[in-house]
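One line per chain: the protein sequences are A and B, in this order. The first sequence begins at 1 in this note's numbering and counts up by one. The second sequence begins at 1 in this note's numbering and counts up by one.
Just so you know, the hints here were simulated from the structure itself, not pulled from any lab data. As the structure is a prediction and not an experimental result, all values here were calculated from the model. Heads up, the beta-carbon is just placed ideally off N, CA and C, and yes, glycines get one too. Among the clues, some could well be false.
To be verified - Below are the DSS-like pairs computed for lysine-lysine, each with C-alpha atoms no more than 30 Å apart in a straight line: (1) K250(B) to K162(A); (2) K218(B) to K162(A); (3) K105(B) to K134(A); (4) K13(A) to K109(A); (5) K70(A) to K31(B); (6) K162(A) to K134(A).
What the hints assert, rightly or not - Going by beta-carbon spacing under 8 Å, a handful of chain B positions derived as facing chain A: (7) P19; (8) R78; (9) D292.
Said to hold, decoys possible - Per label pair, the in silico range of CB-to-CB distance: (10) S39(B) to F130(A): 43 to 49 Å; (11) E12(B) to A158(A): 56 to 62 Å; (12) F130(A) to R65(B): 32 to 38 Å; (13) E245(A) to E3(B): 39 to 45 Å; (14) A239(A) to D361(B): 41 to 47 Å.
The residues making up each chain are set out below.
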Amino acid sequence: MNRLDQLFKNKKKDILNIYFTAGYPNLDDTETIILSLEKAGADLIEIGMPYSDPLADGPTIQESGQVALKNGMTLPLLFEQIKNTRKKTEIPLIMMGYFNQVMQYGEEKFIEQCVEAGVDGLILPDLPLFEYEKDYKNLFEKNGLNISFLITPQTSEARIKKVDELNRGFIYMVSSAAITGSKKGISPQQIEYFERIANMQLQHPRLIGFGISDYETFSTACRYANGAIIGSAYIRALANSKNIEQTTLDFVSMVIG
Amino acid sequence: MIEVNQRGYYGEFGGAFIPEMLHPNIEELRKCYIEVSESAEFQAEFRKLLKDYVGRPSPLYYAKRLSAHYNTNIYLKREDLNHTGAHKINNTIGQILMAQRLGKKRIIAETGAGQHGVATATVCALMGIECIVYMGSVDIERQAPNVSRMKMLGAEVRPATSGSQTLKDATNEAIRDWINNPEDTHYIIGSVVGPHPYPDMVARFQSVISEEMLWQLKEQTGNEDPDIIVACVGGGSNAAGAYYHYLNKKDVRLVAVEAAGLGIHSGESAATSVLGTKGIIHGSRTLLMQTDDGQIIEPYSISAGLDYPGIGPMHAHLIDTGRAEAVSITDEEAVKSAFFLARIEGIIPALETAHAFSALDKIDYSKDDVIVVNLSGRGDKDLGTYVKYF
Ligand SMILES: Cc1ncc(COP(=O)(O)O)c(C=O)c1O
Chain A
1 MNRLDQLFKN
11 KKKDILNIYF
21 TAGYPNLDDT
31 ETIILSLEKA
41 GADLIEIGMP
51 YSDPLADGPT
61 IQESGQVALK
71 NGMTLPLLFE
81 QIKNTRKKTE
91 IPLIMMGYFN
101 QVMQYGEEKF
111 IEQCVEAGVD
121 GLILPDLPLF
131 EYEKDYKNLF
141 EKNGLNISFL
151 ITPQTSEARI
161 KKVDELNRGF
171 IYMVSSAAIT
181 GSKKGISPQQ
191 IEYFERIANM
201 QLQHPRLIGF
211 GISDYETFST
221 ACRYANGAII
231 GSAYIRALAN
241 SKNIEQTTLD
251 FVSMVIG
Chain B
1 MIEVNQRGYY
11 GEFGGAFIPE
21 MLHPNIEELR
31 KCYIEVSESA
41 EFQAEFRKLL
51 KDYVGRPSPL
61 YYAKRLSAHY
71 NTNIYLKRED
81 LNHTGAHKIN
91 NTIGQILMAQ
101 RLGKKRIIAE
111 TGAGQHGVAT
121 ATVCALMGIE
131 CIVYMGSVDI
141 ERQAPNVSRM
151 KMLGAEVRPA
161 TSGSQTLKDA
171 TNEAIRDWIN
181 NPEDTHYIIG
191 SVVGPHPYPD
201 MVARFQSVIS
211 EEMLWQLKEQ
221 TGNEDPDIIV
231 ACVGGGSNAA
241 GAYYHYLNKK
251 DVRLVAVEAA
261 GLGIHSGESA
271 ATSVLGTKGI
281 IHGSRTLLMQ
291 TDDGQIIEPY
301 SISAGLDYPG
311 IGPMHAHLID
321 TGRAEAVSIT
331 DEEAVKSAFF
341 LARIEGIIPA
351 LETAHAFSAL
361 DKIDYSKDDV
371 IVVNLSGRGD
381 KDLGTYVKYF
């Protein structure tokens, strides 16, 4: 069974998903970061494939991607790193990136590489539902690779149902109309949106992301969904880190409380 | 037939590869852009503004001395004489009317050369709507007169400081702004790029160029069809406008002129048709300059409006299928042509447009041919660059 599906079967609440940009702060930190996050108590890990033009990302993730690319991160190298790390851990791993990276690598080859390296799912924010269903659904399903689609406060009910139908793994609930890392705190309007989605009785678990950064935002998000996703705040912690393992332990305990 | 399909594809190019955050806006536009822009009421207002405010029709001018020099017949489609000095305003008039009908209260735009920024700031002033223009820091410097114009028109110019700090990065920032402001904002894209329906919508608004060419050529030559149409391609909006009504007339040759910077293979170039491969940029599947690993390559051209690592999906399709011929022109060749045109016809072209004129040195033609060069814009904004060559 896919490790992600296993996780969601066993754990229904307070699921912590942490994002990091592969190749940041240093080219070879991937394994250290993954193992430290697991040890610190993260439930799943989202590995960002650094991209030159990340349209949905704010300055923090953009800059970490620039550094990672300058450090020499590439997809072949990243797959190699993940494959080696996978020998030491069974924590669910997903990759997040932009569809052009997948296209250039070759869609079929990319998906096969994911499976071979032990990746459990993908998040490709600029691969729309329509294109996915038309061209790629069969490929994902044949290979047993999960894919998470995004919903936002502006997504219509009909479209959310479509997402729930095509999605495999968790649904990525974007907390507000924003790029990553931009807003602080959770407003009453956001709570209303969280409740509205919670009441829809979707078949897939939901994780809330964008603007989740600390104990307060994480625990609020967990009240309305199965868990939450943290990205920019962890990248900022890594930026000042002298010791990745210690920084990660401190960061995760700050979030979990 | 060269036409976009319902999902925004020209052959295999186009589509809408956008994050979910943009879906409601793009879907709203996609559903209504044809119906709204073709309504009698919209057309009446659009046409009236093009005539009385922009100054259309733009003249088709027989360039006698230039023709003698090249020993053929060259006509110039004078988009440089439009209000604000380029073809860009045809599109911004159309899109501001669209934005009003969608009830939007805030306009964002990206700009390279600043011509689209000025054209957007202009229509926002005209309609009393807030305007924010994203512009790469490098372009803010090299197109300073246009930055001042935008400010005088009441727009806020926000520098894009990531990447190569040029048009690509300004476009990224505008898209991020739109993600952050999904409800009250309309994004006026300045070329035939971006997710569907933008390439088709912008091409339709720019198609007034070739619509006029049909009757102007008929009047002046007796034949509405030229032999060759030459236009520069940044994203491709002036070219799309000049080609539009001739796309399915196989006997009319279409020449797309792109920027080779310091030389196609110098590593400092924006020659997408030669260096580009299939991929996604700004929500569109098209040709773009990228590494094997799918990272977008930072382009270079002396001309801010051509300094873009992709081309619109319509042009990718036209070039890929052989319908259009691509010609690449270096900085040096373009500047030389700008000086030549100034001296032989008394017209100072924009640096972008100068690339189109340089193509006359590269393409085949015969003595009896009728060639239309789309004179997309005037060179006032580029004097700072030109004086360096005095
Ligand atoms: C005068 C002029 N011509 C051409 C261009 C290139 O854009 P497009 O290819 O969309 O016509 C620009 C862009 O700024 C411009 O200002």
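Q) Is the Cα-Cα distance between K13(A) and K109(A) 30 Å or less? A) violated (34 Å)
Q) Is the shortest C-beta separation between D292(B) and chain A less than 8 Å? A) holds (7 Å)
Q. Holds or violated: 41 to 47 Å for the Cβ distance of A239(A) and D361(B)?
A. At 52 Å between Cβs, range violated.
Q: Take the C-beta atom of F130(A) and the C-beta atom of R65(B), compute their distance, and say whether it sits inside 32 to 38 Å.
A: violated (54 Å)
Q: May I ask you to test the interface hint for R78(B) with respect to chain A, counting a Cβ-Cβ separation under 8 Å as satisfied?
A: Status violated, d = 36 Å.
Q) Hey, K218(B) versus K162(A), does the alpha-carbon distance stay inside 30 Å? A) Answer violated: K218(B) to K162(A) is near 53 Å, above 30 Å.
Q: Take a look at whether the Cβ-Cβ distance between E245(A) and E3(B) falls inside 39 to 45 Å.
A: violated (58 Å)
Q) Is the straight-line distance between the alpha-carbon of K162(A) and that of K134(A) 30 Å or less? A) Since the Cα atoms of K162(A) and K134(A) sit roughly 14 Å apart, the hinted pair holds (cutoff 30 Å).
Q.
For the hint 56 to 62 Å, verify it against the beta carbon of E12(B) and that of A158(A).
A. Distance hint for E12(B), A158(A) is violated at roughly 29 Å.
Q: Assess, step by step, whether the Cα of K105(B) is no farther than 30 Å from the Cα of K134(A), and give holds or violated.
A: The hint is violated at about 36 Å.
Q) Taken at face value, is the distance from the CA of K162(A) to the CA of K250(B) at most 30 Å? A) violated (43 Å)
Q) Does the structure keep K70(A) and K31(B) at a Cα separation of 30 Å or less? A) Violated: K70(A) and K31(B) sit about 42 Å apart, past 30 Å.
Violated hints for the displayed structure, listed by number in ascending order: 1, 2, 3, 4, 5, 8, 10, 11, 12, 13 and 14.
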